[in-house]
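Residue numbers (our numbering), protein chains in the order written: chain A, 1 to 320; chain B, 1 to 324; chain C, 1 to 302.
If you are wondering where the hints come from, they were derived from the structure by calculation, not from laboratory data.
Take the hints with a grain of salt, since some may be wrong.
Claimed, not checked - Simulated restraints on C-beta separations:
1) A:Asp279 <-> C:Asp140: 44 to 50 angstroms
2) B:Lys75 <-> A:Gln141: 47 to 53 angstroms
3) B:Asp27 <-> A:Asp31: 56 to 62 angstroms
4) C:Cys55 <-> A:Val132: 57 to 63 angstroms
5) B:Asn105 <-> C:Arg34: 32 to 38 angstroms
6) A:Asp196 <-> B:Glu99: 51 to 57 angstroms
7) B:Glu99 <-> C:Leu158: 51 to 57 angstroms
To be verified - Below, computed lysine-lysine pairings styled on DSSO-like, alpha-carbon distance capped at 27 angstroms:
8) A:Lys267 <-> B:Lys34
9) A:Lys19 <-> B:Lys147
10) A:Lys263 <-> A:Lys69
11) B:Lys34 <-> A:Lys257
12) C:Lys189 <-> A:Lys19
13) A:Lys263 <-> B:Lys173
14) A:Lys263 <-> B:Lys34
15) B:Lys7 <-> A:Lys263
16) B:Lys60 <-> C:Lys37
Keep in mind the model is a prediction, meaning the values are calculated, not measured.
Ideal Cβ placement from N, Cα and C applies to all residues, glycine included.
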Amino acid sequence: MEREVLLQATHLVKEFPAKGHKRVHAVSDIDLTVYAGETLALVGESGCGKSTLGRTLINLIPATSGTVKFEGVELTALSRRAFEPYRRQMQLIFQDPYASLDPRMTVRDIVAEPLETHRICQTREETTRRVVELLEAVGIQKEFMGRYPHQFSGGQRQRIGVARAVALRPKLIVCDEPVSALDVSVQSQILNLLKDLQGEFNLTYLFISHDLSVVRFMADRVAVMFLGRLCEVGDTELIYKRPLHPYTRFLLDAIPKADPRLKDEEKQLLQGEIPSPIDPPAGCRFHTRCPYATNWCRSEVPQLRELDGRQVACHMAGEI
Amino acid sequence: MDELTLKIEHLCSGFFTERGYVPAVDDVSLEIPKGKIVGIVGESGCGKSMIARSVMGLLKYPGRITGGSIQLAGKELVGLKDRQMQAIRGCDMAMIFQEPMTSLNPVQPVGKQMREALLLHKSVDKKAARDEVLRMMEQVGISEPEKRYVSYPHQLSGGLRQRIMIAMAMICKPKLLIADEPTTALDVTIEAQILQLIRNLSRQTGMSVLIISHNLGVIAEMCDSVYVMYAGKIVEQADALTLFDQRSHPYTSGLMASVIDLEAPVAERLPAIGGVVPNLLHLPAGCAFAPRCSRASERCKTERPELRELAPGHLCRCFEGGNA
Amino acid sequence: MALFKSKKASISEELASQIGESQTLGVQLRRMARKNKMAVASAVFLVLLVLAAICAPILTPYDAITGDPMQRLQAPSAAHLLGTDENGRDVLTRLLYGARISLAVGVIPTLVSMVIGVILGVAAGYAGGWVDYVIMRLADVMLAFPSLLLAMVIMYTLGGGVINIFLALSLIEWASVARVARSETISLKESEYIQAAQSIGVRPMRIIWRHILPNCLPALIVLFTLNVPSAILSESSLSFLGVGVQLPNSSWGLMVNLGRQFLYNAPWISLAPSAAIMLVVLGCNFLGDGLRDALDPHLNND
Numbered sequence: 001m002e003r004e005v006l007l008q009a010t011h012l013v014k015e016f017p018a019k020g021h022k023r024v025h026a027v028s029d030i031d032l033t034v035y036a037g038e039t040l041a042l043v044g045e046s047g048c049g050k051s052t053l054g055r056t057l058i059n060l061i062p063a064t065s066g067t068v069k070f071e072g073v074e075l076t077a078l079s080r081r082a083f084e085p086y087r088r089q090m091q092l093i094f095q096d097p098y099a100s101l102d103p104r105m106t107v108r109d110i111v112a113e114p115l116e117t118h119r120i121c122q123t124r125e126e127t128t129r130r131v132v133e134l135l136e137a138v139g140i141q142k143e144f145m146g147r148y149p150h151q152f153s154g155g156q157r158q159r160i161g162v163a164r165a166v167a168l169r170p171k172l173i174v175c176d177e178p179v180s181a182l183d184v185s186v187q188s189q190i191l192n193l194l195k196d197l198q199g200e201f202n203l204t205y206l207f208i209s210h211d212l213s214v215v216r217f218m219a220d221r222v223a224v225m226f227l228g229r230l231c232e233v234g235d236t237e238l239i240y241k242r243p244l245h246p247y248t249r250f251l252l253d254a255i256p257k258a259d260p261r262l263k264d265e266e267k268q269l270l271q272g273e274i275p276s277p278i279d280p281p282a283g284c285r286f287h288t289r290c291p292y293a294t295n296w297c298r299s300e301v302p303q304l305r306e307l308d309g310r311q312v313a314c315h316m317a318g319e320i
Numbered sequence: 001m002d003e004l005t006l007k008i009e010h011l012c013s014g015f016f017t018e019r020g021y022v023p024a025v026d027d028v029s030l031e032i033p034k035g036k037i038v039g040i041v042g043e044s045g046c047g048k049s050m051i052a053r054s055v056m057g058l059l060k061y062p063g064r065i066t067g068g069s070i071q072l073a074g075k076e077l078v079g080l081k082d083r084q085m086q087a088i089r090g091c092d093m094a095m096i097f098q099e100p101m102t103s104l105n106p107v108q109p110v111g112k113q114m115r116e117a118l119l120l121h122k123s124v125d126k127k128a129a130r131d132e133v134l135r136m137m138e139q140v141g142i143s144e145p146e147k148r149y150v151s152y153p154h155q156l157s158g159g160l161r162q163r164i165m166i167a168m169a170m171i172c173k174p175k176l177l178i179a180d181e182p183t184t185a186l187d188v189t190i191e192a193q194i195l196q197l198i199r200n201l202s203r204q205t206g207m208s209v210l211i212i213s214h215n216l217g218v219i220a221e222m223c224d225s226v227y228v229m230y231a232g233k234i235v236e237q238a239d240a241l242t243l244f245d246q247r248s249h250p251y252t253s254g255l256m257a258s259v260i261d262l263e264a265p266v267a268e269r270l271p272a273i274g275g276v277v278p279n280l281l282h283l284p285a286g287c288a289f290a291p292r293c294s295r296a297s298e299r300c301k302t303e304r305p306e307l308r309e310l311a312p313g314h315l316c317r318c319f320e321g322g323n324a
Numbered sequence: 001m002a003l004f005k006s007k008k009a010s011i012s013e014e015l016a017s018q019i020g021e022s023q024t025l026g027v028q029l030r031r032m033a034r035k036n037k038m039a040v041a042s043a044v045f046l047v048l049l050v051l052a053a054i055c056a057p058i059l060t061p062y063d064a065i066t067g068d069p070m071q072r073l074q075a076p077s078a079a080h081l082l083g084t085d086e087n088g089r090d091v092l093t094r095l096l097y098g099a100r101i102s103l104a105v106g107v108i109p110t111l112v113s114m115v116i117g118v119i120l121g122v123a124a125g126y127a128g129g130w131v132d133y134v135i136m137r138l139a140d141v142m143l144a145f146p147s148l149l150l151a152m153v154i155m156y157t158l159g160g161g162v163i164n165i166f167l168a169l170s171l172i173e174w175a176s177v178a179r180v181a182r183s184e185t186i187s188l189k190e191s192e193y194i195q196a197a198q199s200i201g202v203r204p205m206r207i208i209w210r211h212i213l214p215n216c217l218p219a220l221i222v223l224f225t226l227n228v229p230s231a232i233l234s235e236s237s238l239s240f241l242g243v244g245v246q247l248p249n250s251s252w253g254l255m256v257n258l259g260r261q262f263l264y265n266a267p268w269i270s271l272a273p274s275a276a277i278m279l280v281v282l283g284c285n286f287l288g289d290g291l292r293d294a295l296d297p298h299l300n301n302d
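Given the sequences, and given the hints that come with them, work out the whole structure.
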């Protein structure tokens, strides 16, 4: 099955300076491919670098090293000016609908901003007409156009954020925890909306989330991240059914299940805390929390390798 | 009849705003037997946190309790003076919050803060208090308690901070622990650790726990009985098994349907409850859920349903209840 | 001094959005008007004072410059509500005309320094790096001087006169404005809606104009109301020390200075302008406090 590659990262690294000439290793040597039309989920716990990876992939923050190619064009090599036309191909939806909309702008102006910035429409009337269409597409009545963000509920605000992201008809949208600030019932509305828009606008999603149940609904493929590195990448169904990386397995086990009958089952819990990205463990970064770690894991970084229909970065995968 | 740690009867509390009175909690009755874990589930703004604050006496202007009674182990709390509440708070009952960072003093080592709580409520000397703090830290699974004793909050991870908060809440051996979204800010693997910790502590010490959460998974894993809240009212209450198996209120069903099952095949679309939470200032004339309810009849729009007993211990605020 | 950081939804914020409570500037001001009577009274007083200063010739029959020698050092009476000075000039008249200069000195240099400070501060905060470093070190140097001393040096060099006072006061005020503007910009720059604008591809200048400045505005309005009295006080001090406004013009500081020698037998000459200074400074401070409470989302919701 040949799939069209939309975005491809090779050896992507992003480090931030930290106190005392140290570095935060947010994203370390990541190879990742996003295919056109798919939803690829980036999963991991807070601080694992998934948001940084998402923003580096769309060149919102510059990579430290490595390359990102979008439809074959190396974005990381482009000048700021040369990159500008690509900006509108890649958009972002934010986590916190309370913080991602300018509190002093009306909904019309918020949604019109991308259109005006890229001079999509000739006249003000045309812009407003487009804004109305966009708001209708995300389920916001056009009567609310003159209102300010705080006059909306969290779910409605997130809809406005979605309208702003699709306004430029981008090819790729990075959804950074788009529903984790919302109530369960509203979550479903937004997830359905995102799925509808994907069909309607022919979108590719990079879906960043810590919530594995949401990811299961949304994603075609999953990439599990731990402390700046990929653990396991592959089809959602396959990985959820037969996780090979121990971290993936623990992650799936840890989700609280909405079934009181399972309550007295003693789960095997992952012990310990996430190590610091300033001073990540040598070898496999998961080895300090992994019950299966060997000396090999402590000394050599496991690379992603093909196994059982997916890629996994674990020396012991398949044997445990 | 079990001994009740907490008995809330007909509690009403709300905010007095410029636009009028906002009834955040409306006629709520709730019981927590000794040693049991009880959950309140609902979406943001449904009043679940207001119940916690009312019980703890933490309502600040313009919020106020306007009626009803709250009894902690038989002692009436409504109407107590601030000073009397202070003696009870942190001693007979304690609370942990969603974001532990905001409830810890950033410029004091955590051990000292915990010791402070102990010195305040119990007549012990500093040395004994320190030993007790270290013992408590060990009990909540903090490794190297001596080292953590002198750490400042910002030096600890979110999970550790929540453990510190739990240790701090537990230090005076309260009869009741209120946990308001205790794991919402934490990662799944850490969440599982903290939930297990709370459950074990309750089992070991016979402490009652009131868990407030929007997450049905957390509720299912933790609770013996569950109250479902919507727009300030209890809409359904039952023991956990009954509630999950024989959900009767359309809102409960809707909530449960929107939880994504990890085992079942993926649906094309998620069942969602349409619409938004009603404005508490202008509640609909009938059932508060009627505008979002797919099964609402004419009666639902004009008449407010009362809680009805469907089976012993299983109450539901719906005219249709029982055949959902 | 990040006065106006955005925060995540709290119970009360959720509540506010649920009952449709609004947060726009106009609504915030109206709410302040309802809640803080002191601030409203101060605003009314200041407006009346400005009107009185403008309409001085209509309000008073006397001349501010030439006095009536026969009426020297008269105590307050029906004819001269605040008495007369050593040249027989009506103190109330001098006070009203002096208000023109004192108020102008309060407002104009403050405005100029705000413009300079905001441009430099926002540039420093948004650009970061060496731009930030250079601008802020310059501001540090300015702030390290005792400001009054600096103003005196400037006045000695340039000579007295109203225009030079404007210049001197603008120069000493901009640094503190720049600091506030910079810290506001830095905290806003981290906010998600600025990131959102960046991800859309909005150019930096436009981000500053459309997103950063409007959201800095509340902080700047408050700062303005606090800097106006400090400029008035500085001018009074300079005039009192003799390097400020020169005769025959009058400003309140100069009046206090000239009345000093008659403090025992004609105290009204000094006391009237002193009281005027005090009232204006207090009024500005009350108004500033009221505005800060009204515009700060944190205080508002608790």
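query = For which of the previously enumerated hints does the structure constitute a violation, in increasing order of number?
reply = As far as the earlier hints go, 1, 4, 6, 10 are violated by this structure, in ascending order.
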